[in-house]
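Peer 1: Chains as they are written, first to last, in my numbering: chain A, 1138 to 1283; chain B, 1138 to 1283; chain C, 1138 to 1283; chain D, 1138 to 1283; chain E, 1138 to 1283; chain F, 1138 to 1283; chain G, 1138 to 1283; chain H, 1138 to 1283.
Treat the hints with caution; some may be incorrect.
[As the list claims (entries may be wrong)] Straight-line Cα separation of at most 25 Å, DMTMM-like style, residue types lysine to aspartate or glutamate; simulated pairs:
1. C:1273 with F:1142
2. B:1208 with B:1224
3. C:1208 with E:1222
4. A:1208 with C:1259
5. H:1280 with G:1148
6. G:1218 with G:1163
7. F:1208 with H:1222
8. B:1208 with D:1261
9. H:1208 with D:1259
10. G:1276 with H:1261
Treat the hints as calculated values from the structure; they're not laboratory data.
Number of protein chains: 8
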Amino acid sequence: MDELDKKILRELQLHSRNSFTKIAQEVGVTTATVSERVKRLTEKGIICGYTTILNTSELGMVTLITKIKTKPGYSVEVVGKRIAEMEESCCIHHVTGVFDLMVISKCTGHGKCGVVIEQIKEIEGVDSVNAELVLKTIKEELKVSL
Amino acid sequence: MDELDKKILRELQLHSRNSFTKIAQEVGVTTATVSERVKRLTEKGIICGYTTILNTSELGMVTLITKIKTKPGYSVEVVGKRIAEMEESCCIHHVTGVFDLMVISKCTGHGKCGVVIEQIKEIEGVDSVNAELVLKTIKEELKVSL
Amino acid sequence: MDELDKKILRELQLHSRNSFTKIAQEVGVTTATVSERVKRLTEKGIICGYTTILNTSELGMVTLITKIKTKPGYSVEVVGKRIAEMEESCCIHHVTGVFDLMVISKCTGHGKCGVVIEQIKEIEGVDSVNAELVLKTIKEELKVSL
Amino acid sequence: MDELDKKILRELQLHSRNSFTKIAQEVGVTTATVSERVKRLTEKGIICGYTTILNTSELGMVTLITKIKTKPGYSVEVVGKRIAEMEESCCIHHVTGVFDLMVISKCTGHGKCGVVIEQIKEIEGVDSVNAELVLKTIKEELKVSL
Amino acid sequence: MDELDKKILRELQLHSRNSFTKIAQEVGVTTATVSERVKRLTEKGIICGYTTILNTSELGMVTLITKIKTKPGYSVEVVGKRIAEMEESCCIHHVTGVFDLMVISKCTGHGKCGVVIEQIKEIEGVDSVNAELVLKTIKEELKVSL
Amino acid sequence: MDELDKKILRELQLHSRNSFTKIAQEVGVTTATVSERVKRLTEKGIICGYTTILNTSELGMVTLITKIKTKPGYSVEVVGKRIAEMEESCCIHHVTGVFDLMVISKCTGHGKCGVVIEQIKEIEGVDSVNAELVLKTIKEELKVSL
Amino acid sequence: MDELDKKILRELQLHSRNSFTKIAQEVGVTTATVSERVKRLTEKGIICGYTTILNTSELGMVTLITKIKTKPGYSVEVVGKRIAEMEESCCIHHVTGVFDLMVISKCTGHGKCGVVIEQIKEIEGVDSVNAELVLKTIKEELKVSL
Amino acid sequence: MDELDKKILRELQLHSRNSFTKIAQEVGVTTATVSERVKRLTEKGIICGYTTILNTSELGMVTLITKIKTKPGYSVEVVGKRIAEMEESCCIHHVTGVFDLMVISKCTGHGKCGVVIEQIKEIEGVDSVNAELVLKTIKEELKVSL
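Given the sequences, and given the hints that come with them, work out the whole structure.
Peer 2: Following this line, the structure appears as structure tokens:
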């Protein structure tokens, strides 16, 4: 990945709806070059998709952070993939520390959080769950500094 | 927010680069309606932006999760905003539990994580920091179920 | 719930033995209005009952706070309802954090606390119990600010 | 406190709005006896007041449980009394364990909880705060078994 | 227990080998009175025995403090009594907090501590063990202030 | 310390009021030998004193276990000696783990425990205190197995 | 072990490739004496081997520290020996505290750490695992001060 | 680093006193090649030194593991380097988790551990210390699998 790739990715992270022509102007290459680079970055699995950032608290959603310890003899990854199937699950990481998994879920209202926790506790291989709620979100992006 | 708004947001979350015409076909209304709805959802602060999802581990980045306890007498929000200024910071939440803030950062390599932790520890109002590293990311999206 | 409802509830929280006539004078409406409003608030489940606040430490009672982790595969709510059947149980909440339930019990004397903890540990679905004792109660009310 | 006192207190805990005549019938003594006993129990500080139990989650309130460690050199009781002055504070106990105080607050909505936590953190003598939210209340009474 | 009982117990706690005649002189009563009081205090179970305080670190012994969580469904007291049968066990308390039992053991040397911990872990009903070693004993008495 | 020393110490631990003549009979040596050995063991600091074991819960006393973290820059031993001056302090150990000191205190009643904790918190060099109460004592001796 | 033994061991710890002649010069005895002493120290099991210290982070290796709680009924030592068979395991200690074993492993890269943790979790008798990663090694030697 | 480098390092890790000639025979190259490769690996900082592994418990040494939280505003690395100057310090790592540093020290006897902990607590920038002792060492090497 060279400096041009990085420039294009920076543009796409900031505003994914911009046309390749617009991006080409910004980074100072032809539209064809941008198009070709994006194609290659997508094929290499670096670009995974284009999404829209919503203000979820404006939508009345509550962000739930659960840390999960899996039972001995169960694969952390397999348990994580089962949790990934729940529609409230946004991020699932295998992490260091006392717990094996950290999950970020978006729930429709305060009451739903308890239900989601109970559902996670029912998944096979889950040993214990530590749940915290987000009181206020100060920043929430997926954009990384390249 | 009615059912049409939700349909449009679902489309935009799945593929933010689609044209309003394409989205209009998918949800069964005119392009003008989609355009107008998106304009209104943006004005109301529900749509915050359009971004590109990158596979950060493919880029050699390490995800760092820090939990921060702020000193008594300091505003959690003010400390959170200072951390938000660091270019590695992606998500910052004021959370329940022993720690006040949970921060997700993307660092260029294992070694950089120690540096980021030291920088967070230097911010005024930070009392203590608990850092964990992501060993493997199983899912990472901002897309929510509407 | 309008401002009049709130005024009546404030009066009832402060002194539940006052007659509707007395309350009517305080809030400046007719006795019939108070009576009707209380009836409606009771039917809507907002008023749950009228009770007397006792100074339990004056009665030689010790307040026990237990936090309970339930076993995976057991419903937190079902376990909580079993604990609610114990006559020492006053408050039972499903909470965030490492433990699932927080229970406040009133025990007749220091020695009884150990017995209550053993009884809670015997309830099916209880995984572990963290017990703390109240050394001194500084305030204890159910009255909320409306 | 004899068995008759206990019977009267049981009645008053169950329904504090009942007249002394009604209570006298229930426990099998004269109204004058009930009246005199209640007067004495109030003078001895055993009866602290009469209140109305509201379903706070029905009112959109969120129950916040904070555990507070006080700084060395500060009186736990003095810090507790300062917290008692906040209108959201219902119960404040000096407890065993790592934290010195356990506080139960009733907040008008999810967002208010963060504000209350920040306010508690600003009180002089507060060293650190561990906040948990109630996801669901299974039982909430002050009634004790006599 | 009156003031004379307390005076006699204070003397016996300070030097249990003193004759009743010596104690009688110290507290200003006849030897017969001391003898009679000691007999009664022993019968009431207040005096449990007379022992010699040894400097165990001088004897090369290491003091081990284990905190034990018992499994749900097992009586804390029964598990505690099983541990009491081990010859290294000096004190066993059912305590508040995350763990159910706190045990103080005296082991002949550093290496023996690991063996004692393994033995405690093998007792039925023991769920988990947290072991700490005493680095230095600053005070160790059973004498209480009456 | 030879086998005879051990035999004598075993006798003295079991019943410190026994005469040297009685002990001499038990261990099969002359009274003069016992007397001489006890003198030497006392001079070497192995025998520290003779005391009487009281059933403190029978006396209405509550056993308080506090774990204390000292501030950086303060000597754990100096802080421990300050706590040793409190009349409620029985045992004080410098221990491994998160806390530096473990203190066992005997308090006259439940209410006194809170006062003792507040007094410990006021001692210079004390950073934080974790207090637990004994619910029931299963065994409490200083006797060690020689 | 006398002072000469210590001198020889100090030399060997500092530079194990030095010839006995060189060491003899350094410590001021004959080569034969050094040779004989080393032979005896090896026979007594004090010298366990001669190794080369590598800068593992220079080799791209990540140091993983896992703390392991073993299940009740399983020998800590037996579980530790199973973990010792893994080629990544460098140091395994039976330790005090909440966890029974502390393991230091050297893994070829960040990603391998998760795999090693999963493998440890699969070993029979392992109850739970707390994993931490080394962000930077400041010192790493086996050399002790004699 | 190619396969030959790895082979040579494997030999040197297993027995650092072997001559280059012996190593050359084992790996099937000339002595000159081994000599040259070792020179290059040393210059690149991969080979840091040659040491002798001692059985420290055989020498009566106790292994102490301390975890250290540094104060906000202090560099973890600077504090770590100060600890590295203590002659008991063997390994010092900047780690993830609640604590910033993990230190392994070798102390001459149980009693010395308390002294070392007190010394660490006195170093500027140290906020708190969690100390554990090794009860038994199951494996202790620096050898890594290449």
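Peer 1: Work down the list of hints and note, for each, if the structure agrees.
Peer 2: We went through each hint and held it up to the structure:
no. : hint               : result
1   : C:1273 with F:1142 : 50 Å, violated
2   : B:1208 with B:1224 : 23 Å, holds
3   : C:1208 with E:1222 : 31 Å, violated
4   : A:1208 with C:1259 : 23 Å, holds
5   : H:1280 with G:1148 : 20 Å, holds
6   : G:1218 with G:1163 : 39 Å, violated
7   : F:1208 with H:1222 : 22 Å, holds
8   : B:1208 with D:1261 : 12 Å, holds
9   : H:1208 with D:1259 : 21 Å, holds
10  : G:1276 with H:1261 : 19 Å, holds
Violated hints, listed in ascending order, are 1, 3, 6; each of the other numbered hints is respected by the structure.
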